[in-house]
Every structure is written in C-alpha cells, then in structure tokens.
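Sequence lines, in order, name chains A, B and C. The numbering of the first sequence is the numbering used here, which starts it at 1 and goes up by one. The numbering of the second sequence is the numbering used here, which starts it at 1001 and goes up by one. The numbering of the third sequence is the numbering used here, which starts it at 2001 and goes up by one.
Hints in this document: simulated from the structure, not taken from any laboratory. All of these numbers come straight from a predicted model, not from anything done at the bench. Glycine is no exception: its CB is placed at the ideal position from the N, C-alpha and C atoms. Check before you lean on any hint, since a few could be wrong.
What the hints assert, rightly or not - Here are some chain A residues pointing at chain C (derived, C-beta under 7 Å):
#1 61
#2 221
#3 260
#4 278
#5 284
As the list claims (entries may be wrong) - Mimicking EDC-like on lysine to aspartate or glutamate, the simulated pairs with C-alpha atoms at most 20 Å apart in a straight line are:
#6 330(A) to 2128(C)
#7 139(A) to 1159(B)
#8 349(A) to 375(A)
#9 115(A) to 1279(B)
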Amino acid sequence: MTDKNGFFDLSRSALTRRTALKGLAAGAGLAVAPGFVRYSQAQSSAPIKIGFQSHRTGIGAAYGRWYEKTTAAAVKAINDAGGINGRQVEVIIEDDGTDPGRGAEVVGKFASQHKTDIVYGTLFSHVVIGSAPAAGEAKMPYFVVSEGHHVASTKLNRYVFQPGITDVKSQIQSMAPWIAANAGKKVTQIFPDFAFGYDHRDYLPPALKAQGAEVIAQIAIPPTESSFTKYFPQIPAETEVIYHVMVGPAVLTFVKELGEFYGSNRPQLFGFIDSLEATDINSPGLEFLDGSHFWEGSPRYAQPDDSPAQKAYRAAVGIDDNGAAVGDPKDVSTAAHMFGCWETLYVVKKAMEDAGYKGPEDRAKLVEATEALTEFADGPEHPQGPKTFNGKIHQCFGIQNISKVEGGRLNVVHKTKIEDGLYEPEGDYTTQAL
Amino acid sequence: MKDASPAKPYALHLGVIALLFTLSFVLPEYHHGLLARIMVLAVFAMGYNLLFGYVGLLSLGHAMFFSAGLYGAGLAVIHLGWSVPAAFAAGFACGALLALVIGLLALRTSGVAFMIVTMMFAQVFYLVILYLAAWTGGDQGMVVPQPMRVLVLGSTSLDLTNPTVRYMSALTLFSIVLLISLAIVRSGYGRVLVAIRENEERTKMLGYDTFSNKLAAVVISGSICAASGAAYALLFGYVGSSFASVQYSILPLLWVLLGGAATTLGPLIGTLFMYYVIDVASGYTSAYLLIVGIALILLVLFFPRGILGSIRQRWLGWLP
Amino acid sequence: MHFGPHLLLAALEGLVTSAVLALTALGLSLVFGVMRVVNVAHGEFFMLGAVLAWAISTAISGHPALGFLAALVLAPLIVGLIALVAERLVLRRLNYNPEATIVATIGMLYIIQQLALTFYGPEARPVEPPFSYRILLPWFGYSGYKLSIIAASALLLVATWLVLTRTKIGLIMRATQYDSETAQAFGIPVTKVYAGVFALGAMLAAVAAVLIVPISQAHYLMGQDPLLLSFIVVIIGGLGSLRGTVVAAVLIGLSDGIISVFFSPTLAKIIATLLVAMVLVFRPQGLFGTTSR
Chain A
1 MTDKNGFFDL
11 SRSALTRRTA
21 LKGLAAGAGL
31 AVAPGFVRYS
41 QAQSSAPIKI
51 GFQSHRTGIG
61 AAYGRWYEKT
71 TAAAVKAIND
81 AGGINGRQVE
91 VIIEDDGTDP
101 GRGAEVVGKF
111 ASQHKTDIVY
121 GTLFSHVVIG
131 SAPAAGEAKM
141 PYFVVSEGHH
151 VASTKLNRYV
161 FQPGITDVKS
171 QIQSMAPWIA
181 ANAGKKVTQI
191 FPDFAFGYDH
201 RDYLPPALKA
211 QGAEVIAQIA
221 IPPTESSFTK
231 YFPQIPAETE
241 VIYHVMVGPA
251 VLTFVKELGE
261 FYGSNRPQLF
271 GFIDSLEATD
281 INSPGLEFLD
291 GSHFWEGSPR
301 YAQPDDSPAQ
311 KAYRAAVGID
321 DNGAAVGDPK
331 DVSTAAHMFG
341 CWETLYVVKK
351 AMEDAGYKGP
361 EDRAKLVEAT
371 EALTEFADGP
381 EHPQGPKTFN
391 GKIHQCFGIQ
401 NISKVEGGRL
411 NVVHKTKIED
421 GLYEPEGDYT
431 TQAL
Chain B
1001 MKDASPAKPY
1011 ALHLGVIALL
1021 FTLSFVLPEY
1031 HHGLLARIMV
1041 LAVFAMGYNL
1051 LFGYVGLLSL
1061 GHAMFFSAGL
1071 YGAGLAVIHL
1081 GWSVPAAFAA
1091 GFACGALLAL
1101 VIGLLALRTS
1111 GVAFMIVTMM
1121 FAQVFYLVIL
1131 YLAAWTGGDQ
1141 GMVVPQPMRV
1151 LVLGSTSLDL
1161 TNPTVRYMSA
1171 LTLFSIVLLI
1181 SLAIVRSGYG
1191 RVLVAIRENE
1201 ERTKMLGYDT
1211 FSNKLAAVVI
1221 SGSICAASGA
1231 AYALLFGYVG
1241 SSFASVQYSI
1251 LPLLWVLLGG
1261 AATTLGPLIG
1271 TLFMYYVIDV
1281 ASGYTSAYLL
1291 IVGIALILLV
1301 LFFPRGILGS
1311 IRQRWLGWLP
Chain C
2001 MHFGPHLLLA
2011 ALEGLVTSAV
2021 LALTALGLSL
2031 VFGVMRVVNV
2041 AHGEFFMLGA
2051 VLAWAISTAI
2061 SGHPALGFLA
2071 ALVLAPLIVG
2081 LIALVAERLV
2091 LRRLNYNPEA
2101 TIVATIGMLY
2111 IIQQLALTFY
2121 GPEARPVEPP
2131 FSYRILLPWF
2141 GYSGYKLSII
2151 AASALLLVAT
2161 WLVLTRTKIG
2171 LIMRATQYDS
2181 ETAQAFGIPV
2191 TKVYAGVFAL
2201 GAMLAAVAAV
2211 LIVPISQAHY
2221 LMGQDPLLLS
2231 FIVVIIGGLG
2241 SLRGTVVAAV
2251 LIGLSDGIIS
2261 VFFSPTLAKI
2271 IATLLVAMVL
2281 VFRPQGLFGT
2291 TSR
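Taking the hints into account, I'd like the entire structure generated from these sequences.
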C-alpha cells in the first residue's frame, strides 16, 4: 500500500506521515546501509557475522526499532574505522516477536542456519530467559541489552553477557539515597505485577531502609490492566513519594489518570523513564509530570555538560537535542536504553580483539576474553559514561542519571557514582564448564 | 473411516514415522532442530484435534493443559530436583488432573459457551501463574538447568540438550501419540465420539452416556497436550507464562484447522505449514505477518477443510 | 481513602469499562448472532478505530473537539468500509463456514495488525479529549470526559436498539438471525444483510474505540483484550440478546472494578474471571438466552 491511496492520506501533517513511512523504510534502509550487506570491497577475510535478535513485532516493537537504528550507527562507525580484527561486521536481523518461544528458535536459527559468530541485542527479560538455554546449548555467546537482573543473578549460563547496560538491581540501589534525601521518607510503590516490577518490589525497600526511609505500600498492577484509577485509593494518604515503574502502552493512561486523581495537590513523583520511552514528554495529559523526577540510563535531552563523545554518539544515531529522530520531532527515541546497543558492540569488538577471534571455533576464547574485561573508559566507545565489569556475573556497572521534568524537557539534576550501584555477587559463571 | 481395511492407514502412519526418522540423518542442522520443536508442538495439536476434530468441542483454553505439563515438569525439576522421567510424569499427571476438573465444570456447557468457559478458565490459570511468581518466575519464566536435563536409563545417560537425542525423543513422543490417536479414532470409542459430534441427542437415545464419553475425551486430550508441554520443558529448557496466554490456545486451533480437523496427520501438516510460512516469510520482509495473514486466507479459500481434510474429501476417502 | 469513596470510584471506573465494552460486544453479538461467524478480527476493527481516530484528529488543527468529532464520524465509516470489503472478498466466498471463517479472520487479524505496525508504528499515541474537565469530588478528582463516555455509549445503545426493534432493517436482521433459510425464501437478500451486519459490527467496535482513545491511547496491539472481553459478554448475556449484552457488560465491568477494592489486583482479576466463568457453568445459556445452542 502506498501513501497516495493509503488511509493515512487523511493525515494532513506531512511529518507524521513521514514517521509512518520511515518505519516502513527502516527495514529496507537497513538492508542497504553499509555493514549490513556483505562487504563488497576486496577484503582478505569474510565479515564477522552478528545475529541481532530484534523485537520487530509484539509488545517490544517500539524499542526494537530504536535498537536497530543504534546498532546500524554503531556498526557503521566500527566498520568505517576498520572493523574488528581487520574484518568488517555484518548484522543479520531476525524478529523474535517479543516472544520467548520464538526467541529460542531465532537463536537456533542464528547458530545453525546463519552461522553467526555471536547473538546480540535482546531487551525484554522473558525473551532473554527463554532464549538463554538455546544459546548455552549451542555454545553461542549471547550479548543482551536488557537491563534485567537475570544475567547478574547467575541463573542463566556462561554464554550470556550484559556488558553494555546496568541491571535493575543496581539502578534501584543507586536511586535510593537520592530519593530518601530529596523526595521524601514515606514511599508508595506502584509497579507492574511481573518480573520487571518484582525487582523494584524486592530491592527498593531494603535500599531505602538503609537510608532511613521506608516503603509504606506496594501496589502491583496486573499486566492485563489498561485502566488504573481504581487502584489509586490504595495509596496511603501520608505518602510523600509515589515511585512508579509502569511499562507498556498503557503507561500514558496511568500518568493521565494519576493526574486526574490528584490534580495539583500531589505527592512527589519518582519514576523510571521506562514508562515513557519512545513517548513525547509533552503529550497531552502529561502536564501533570511537570516537576517530577525520573531515572534515566542515558539522558534523552541534550545536556549542557554533554561530553564530546555523547554529542558524537547522538549525531551518529541521528537524534536531536530533544531525543527525537533528526527531522521528525514526533519520533521520540528510547534514549535511556538504546545506548546499551552501541556500548555492547564496542565491548564485543574489544573482547574479540583481545581473544584474537577468528571464527566460531574461538567462541570459548571470546567468552573468556569477555570475562577478563574489568573497565570501560568514558569516551566515544562508551558515551554514556565509565563502567566497570564483573566477569564472574557477566554484568557491567555504571553511573545513573536522575532528571527533573522542567519546561517540557528532562534536565539531569543528579548523577550517581558507580560505587552506589555495586552489590555482592550472587554467584560465579566462570566456574561453569565452557 | 470409510474403509474398514486397517492396512492402508497403518502403513501410511508408519511410513510417516519412518520418513521423520530418516529425515533426522539428512536434514541440515537448522531444520533438524526446528522439526524437533514442530513434532513436540504437533503433539499439542493432536491432543487438541482429538477434542475439536472428533468430538466437535471447540475449546479456547488448551494453553492451560499445555502449560500444566510445562510447569508440572519444569517446576518438579527446578524446585524438587526430580529426574526427567519423574518430572515428565508429574507434568502429565498435572494436565490429566486439571483436564478432569475443567471437564467436569465446562462440559455442563456446550457450543460457544464451552468455548468461552474454557477460555476463561485458561485465563485464570494464566493469572495464577503470574500470581505465584515466587515459584513460577512470573512472566519471565524460568530456565530448567542444563545439567538436570539428562535422561538416565539403566547405565546409559542421554543428554536431552544433544540435538540428536532431542530429535529422537521428540519423534518417540510424536509416534506414540500418533499411533494412540489412530487407534482411538478407529476404535468403537472413536466412533462414539464422532457420533456425539454429528448428533449428540441421537447418540444419547442410542443408550450412550455422552457426558462420560466427552469427559474421557477432555481428559485424554488434556493429557496429550500436557505431555507435549512436559516434553517442551525438558527438551527445550524453558518454562514461561507466555505459553499459557490465549495466543497459545488459538495456535493449536489454527494448526488443526490448517492441516484438517478430524484427520490424524492434519495436526502435523498444519503445524509444519504454519512454522515454515513464518520462517520463510520472515526471511524476505520484516512485514511477514502480512504474508502469513494472506497465506492463511488463500489457504482457507482453496482448502476450506484444511489441507488433509480437503485432500480426503476430493481424492483419498480412506484417510483417517 | 475511606471505604465509601473508594467503592464509588471503583463503581465509576467499572461503568466506564462497561460502557465501552457494551458497544464493542454488541458489534460482536450482531456478527455472531446473525451470521454465526466467530470473528477473531473484531478486536482489530476496534484497534483500527483508535488508530484512525489518532490519524484524523492529528490531521485537523484547531480545537481538539473538532478533530475528535471528525474522528467519531469518519473512523467508523472507514472501518465499516474495510469490513465490507473483507466480507465480500473472503467471508462470502467461504460460504460463512464456521471453521473456515475462524482461520480467515485470524488471517485478517495478522494483516490488519501488520499494516497498523507498518504504517502507524509500534508506539502508543494519545488523542486529546474533546474537553478536559476535572470533576472535583470531596475525596478525589475524576475525569468529566469519562462520565461523558458513559452517556455517549448509552445513547448509541438506545439508537441501535431502536434500529433493531423499530425499523424494517432491524426486522430483516432479526428474521435472518432467526432462520436464514426461511428468510431467503421470503425474498430477504441474505448475503446483503450479512455484508451490512458485518460492517455494522465493525463500526460499533470502531465507535467504542474512538470514545475510549482519549483516555487510553492508540496502540497496534490494543485489540486483544476487547476481543476476549466481548466474547465473554456476548455469551454471558445470551446470544442475540441486546438486553443481555448490556447487562453482562455492566456486570463484568462493575465486578472487575468492585472486586479490586477488596483484593490485591491480580488476585482480584483471578476471582472476577472465575466468578463470571461460574455464572456460565451454572447457566450455560447465558443470563437472557432461552435455548442453548
């Protein structure tokens, strides 16, 4: 269907239509982008193949699209600078439908049909957990950009890594001191009644307690819910801070209904930006968020103190100062997470170079070389900031941002330290056989 | 069923099993792995077909039987450290018991009410899995640890994560269930089931206790689906709530309708078809669901009784 | 919050859910009742209504009410047209065979979802309500727009009821539903009736979606829940009973709201679903159905 006769012709705004067409073109565009096709210039060796398990359809599709854009940008940068070990990088994308069953099949497909060197890219926790056994059995290094605590919990296997984004447990622990000191001491948590929410349910109360604050109520919302007002009366009247971490398409409703319920006379709000990734903070109904605070992995809006590396990264990925696609201010990115794709690919590059990686027969060496990494310096390869890496639990640790909604943008008001997010390892992958 | 001679159908079914066995040695690695998965899910479809195809009861809740097997087996390994055969039995028993309870309640209804009641019970089952997240892992699900997925038979131990062992285990389960369903369909009991589908009142008047016959069918159907779920957990190492969602209740219906309801081999054909349409289409375009949708509509326009159903109607009347 | 106001809030929320559900389910009930077609794509017509509402309201500048009103008129018409084409191209050729139509409507579901994903995108997008008036009760604030949804839905339901019971079209539809073969013998153009009913069913879903989208946002996967709930409502209410559909929608909406007052949210969902299932187990013909089918 073309736009000439398509029903979207009703849309008078050229920009919005372009958004739609861009979505359509994204697939085609990636196919011709440099690095996504077999490198045609004279090259002594075949490209390194990275299987990208992407959420193209299903509930994660908004993230998937931006993960693909960031990946394309990072691969272009890596290839322009000479590739990995002198070889170009080729990315092969398969859709996992944001479904764990399909995810496992896709990992199998990468391992046995595409014969990729590694698999990379997954975001949603249940897809990671569903795919991990397939990766372990195929002895396929599997680099995820998920922020779940599943990797660091050491419940998966030795082939699964999360070197490009911090995990939720670490994020929560870093937020607690700031919340207790600046927002309030009596906290009510509202979270989705599934795993992503449970990390918040389990890790926030002890973290706050250590700071002299307390969680006075926990409201778990069923994942099938699309309207929230009926749960708000369960918020105790003495609440000073509402801590919210809703995800999925219904979050706009959640915020709007919270606004209708409280009006201007509201407690402090602290949220995880996951709620509003890919959503314009200036959407109708979100005025209520003005003055509230959010966790951000990487800031969506350009900040006055952005490093040159951060600026270069934003330009390469193609997002403007408001964190939207260049040329289309309505196409808001998932800036707080997608930087993890960029950084993960550079970790892969480093580990492959350390291992002298030549082909699938060196996968075990690659695993060991990744485990041997300890630090990533702030810079073009890690524009979000410096990180440390714990090879025993396959997880990186980094700084977090707390941003305030002011005048229709998110301004960073506090950056945590890496040490704020460290915790005792729960296990050790390196004791497992390769 | 139109031909009383048992030789042809049995020869065909044994031939299919032999073909699948041979394929194990010639298929490229990827298709080998995919086919193992398809065979396990075809068992799910066969269980569904028994109730839907032969008794005419349209359930939209069979995901709960599949996931009863999935969680019964998976959680027995994860929390209780049970061996593979014991865990498989646990999954199977969970499914059989659940099917008995659901059957007793849901069979008070018929037709569309049966469809909706089963769908709602399955929704309850799904929510319970989420509610008991401390044990089930909630929506994230859980990994069945690789070292536990070893089948010890006497002095030999078979590693279920090995592709060949996995393929052969899937084929064994598939063959057993295929032959059982062929035997059921050709038995007197199978004919009673078809009679119930065609005219329940008349069957009742002929002196058959239709309720207990239907209940038995629900239990057999649920148990087969649970066997498939238990095998899935043990062979592929993951249990997750998405397998209990309504999507996984609609899928076996779709597979059976595609392959041909009330044909013994239809479930395999339908599952195979659906998997490969998705797999091939997603290789060409990111908008592959469009192709899948169009393929479904074209197929049903030209094969309204499903692939095998239409073949049976036009050419091969003896197909069971 | 005290018990009374909490209950009031839960009841209000339940009524809003009921209002939208009643409209969506009525559309499904017509298709199901008259054509005996299990339309799995019904939820996608709902989603299309919401997505079109977004497209139309963003295309029209000026006061948000203008865009919204245009959407309220245009979106259902477009969706009805799409349904009409689908009926002509596919369902009629299948001779409305109950099993084949399930596969065909699953196919439509995939096609519509993919087109929405490709042309509209994966994001949830908001539509501005035609007016934003916040009613300030002594205990909490409540959206005035939400209350207007209840009124609009009631109005549309009454209008549909009048069409079904007081007009010739309604008579023809009821005759076709009662016995399509006899209707045909009496010169009723059954295939035309079917086409009209299928389009009307889709339009009702689209209207419901346009009403809800200012409080709920358009998203390409939003069709599933309304589909499942509508099926439940149609069967609980009794097939082909308009009164039953409305009563069942109110029952399900309110029970969902009010049970949430007493239990933790997920447990409340479990109990509400189980209760409604039990209604059906012990009254298989539905609340207002007369014969079991």
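Practice task
Sort out whether residue 1279(B) lies within 20 Å of residue 115(A), counting only the CA atoms.
Solution key: Given that 20 Å is the threshold and the Cα spacing comes to 16 Å, the pair holds.
Practice task
So, residue 221(A) near chain C? Judge it on the closest CB pair being under 7 Å.
Solution key: For residue 221(A), the interface hint holds, since the closest Cβ of chain C sits about 6 Å away, which is under 7 Å.
Exercise for the section: Identify whether the interface hint at residue 61(A) stands, where standing means a beta carbon of chain C within less than 7 Å of its own. Expected result: At 3 Å from the nearest chain C Cβ, residue 61(A) passes the 7 Å test, so the hint holds.
Practice task
Verify the interface restraint on residue 278(A): the C-beta must sit less than 7 Å from at least one C-beta of chain C.
Solution key: Where the cut-off is 7 Å and the nearest Cβ of chain C is about 5 Å from residue 278(A), the hint holds.
Practice task
Mind checking the alpha carbons of residue 330(A) and residue 2128(C) for me, to see if they're no more than 20 Å apart?
Solution key: holds (15 Å)
Exercise for the section: Answer holds if the nearest beta-carbon of chain C is closer than 7 Å to that of residue 260(A); otherwise answer violated. Expected result: Interface hint status for residue 260(A): holds (5 Å vs cutoff 7 Å).
Problem - Proposed proximity, residue 375(A) with residue 349(A) (alpha carbon, max 20 Å) - result: Roughly 14 Å between the alpha carbons, so the hint for residue 349(A) and residue 375(A) holds.
Exercise for the section: Starting from residue 139(A), check that the Cα of residue 1159(B) is at most 20 Å away, please. Expected result: holds (15 Å)
Practice task
Under 7 Å, Cβ to Cβ, is where residue 284(A) needs to be relative to chain C, so tell me if that hint holds or is violated.
Solution key: holds (4 Å)
Of the numbered hints given earlier, the model fails none.
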